Amino acid sequence: MPGKTSIIVHSGEMDKIYSALIIGSGSLSMGMEVSMYFTFFGLLRLKKDGLDKGSLSKMNMLGLGRWMVKRRMRAAGVEELHKLMSDFRELGGRIIACEMTMEVMGITRSQLREDLIDEYGAVGTYVNEAKDSQITLFI
Amino acid sequence: MPGKTSIIVHSGEMDKIYSALIIGSGSLSMGMEVSMYFTFFGLLRLKKDGLDKGSLSKMNMLGLGRWMVKRRMRAAGVEELHKLMSDFRELGGRIIACEMTMEVMGITRSQLREDLIDEYGAVGTYVNEAKDSQITLFI
Amino acid sequence: MPGKTSIIVHSGEMDKIYSALIIGSGSLSMGMEVSMYFTFFGLLRLKKDGLDKGSLSKMNMLGLGRWMVKRRMRAAGVEELHKLMSDFRELGGRIIACEMTMEVMGITRSQLREDLIDEYGAVGTYVNEAKDSQITLFI
Chain Z
291 MPGKTSIIVH
301 SGEMDKIYSA
311 LIIGSGSLSM
321 GMEVSMYFTF
331 FGLLRLKKDG
341 LDKGSLSKMN
351 MLGLGRWMVK
361 RRMRAAGVEE
371 LHKLMSDFRE
381 LGGRIIACEM
391 TMEVMGITRS
401 QLREDLIDEY
411 GAVGTYVNEA
421 KDSQITLFI
Chain P
291 MPGKTSIIVH
301 SGEMDKIYSA
311 LIIGSGSLSM
321 GMEVSMYFTF
331 FGLLRLKKDG
341 LDKGSLSKMN
351 MLGLGRWMVK
361 RRMRAAGVEE
371 LHKLMSDFRE
381 LGGRIIACEM
391 TMEVMGITRS
401 QLREDLIDEY
411 GAVGTYVNEA
421 KDSQITLFI
Chain V
291 MPGKTSIIVH
301 SGEMDKIYSA
311 LIIGSGSLSM
321 GMEVSMYFTF
331 FGLLRLKKDG
341 LDKGSLSKMN
351 MLGLGRWMVK
361 RRMRAAGVEE
371 LHKLMSDFRE
381 LGGRIIACEM
391 TMEVMGITRS
401 QLREDLIDEY
411 GAVGTYVNEA
421 KDSQITLFI
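Residue numbers (the numbering used here), protein chains in the order written: chain Z, 291 to 429; chain P, 291 to 429; chain V, 291 to 429.
The set of hints was computed from the structure by calculation and includes no laboratory data.
Note that the coordinates shown come from a computational prediction; the quantities given were computed from them, not determined experimentally.
Treat the hints loosely; a few may be bogus.
Repeated chains share a single entry, so a pair holds when one copy, or any two copies, can fit it.
Said to hold, decoys possible - No farther apart than 20 Å at their CA atoms in a straight line, the calculated lysine to any residue pairs in the SDA-like style are these:
hint	residue 1	residue 2
1	K337	V359
2	K294	L371
3	K294	T415
4	K294	E393
5	K360	T398
6	K360	F331
7	K294	E409
8	K338	G367
9	K294	M392
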């Protein structure tokens, strides 16, 4: 039984979104089920321009320029965020958007990338996913 | 068997404390046992003025003013941190304070909200909670 | 059966590395298996000068000076990062270095503390560790 991975994406930092999607797709590749619950700053990444605005600022802090990071990522076979997200969903991964964050931030469904979102839910939705999961992460 | 959730609260960021308490109370509502282990910056939130000092700075960075965030949180039924914390404990959630952080930071029990704390413990206390948990998170 | 703990060390913040190592060694002391997967900013801590450069900046933000933190840590029996890392490995803990981060950052094995690293791996290595773990954390 390959099991299940449930990830809360609370952070909006680009490097964290990368980690989340890489772990998510990695779990899917090994036959696991995966759901990612986007909340707080993570949810903002699901806005229509959310993945573009991705600042590489923290990456830059590593002493490499943005251009260099991009070039090396390409060489290492690491995809752009857009591509990682659609790969994740093509592999069968599910994305849940946090309705509480939407209410507090005043975000409507039409402002979100509805094509990427499988479900709109609250904390109960997350707990239901996570309680049967072998891997639970807060990112 | 509804299971158990164990959360390490390492961060002192207000948005992270919110997430932790919402997940904690959500798990309790679904019949799970929950313990939250407050350590490092998280422990400072258990100081007598720790929940008041909560800066909404990061929330503000989302482009909303503090007043707007508060108003929308009320509309969405999201409680203030004080209320969330007491709700969590009324639902049966347990709060553990990290003794190592207390020693390193020179914090005494009388400086902490002793009314909120169920137990004072070390890493062994946490591991004992977490090894039987279905949901384990580091926040 | 004491079980297993799998920790992703994504952050490079000194306080987070401390937490990770304390939880790792705590789990080992209670008879669990432990692996820590160092990636992104965490991996940079495995560079030859990575543990030295550790800024105590965040610790300082707690209102204590660096010197005071060091003195109190000694009094509380909390070791320096170097010592914590070697203690962790002597207790049987395993350290995995993320090859993707190495490629993207252009880091070679000879630039890393090879004496501390048990394995070089990718996300599949992590998922294999984590899917049989009782405690899974993203730090």
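* Asked: Which numbered hints does this structure break?
  -> 2, 4, 8, 9
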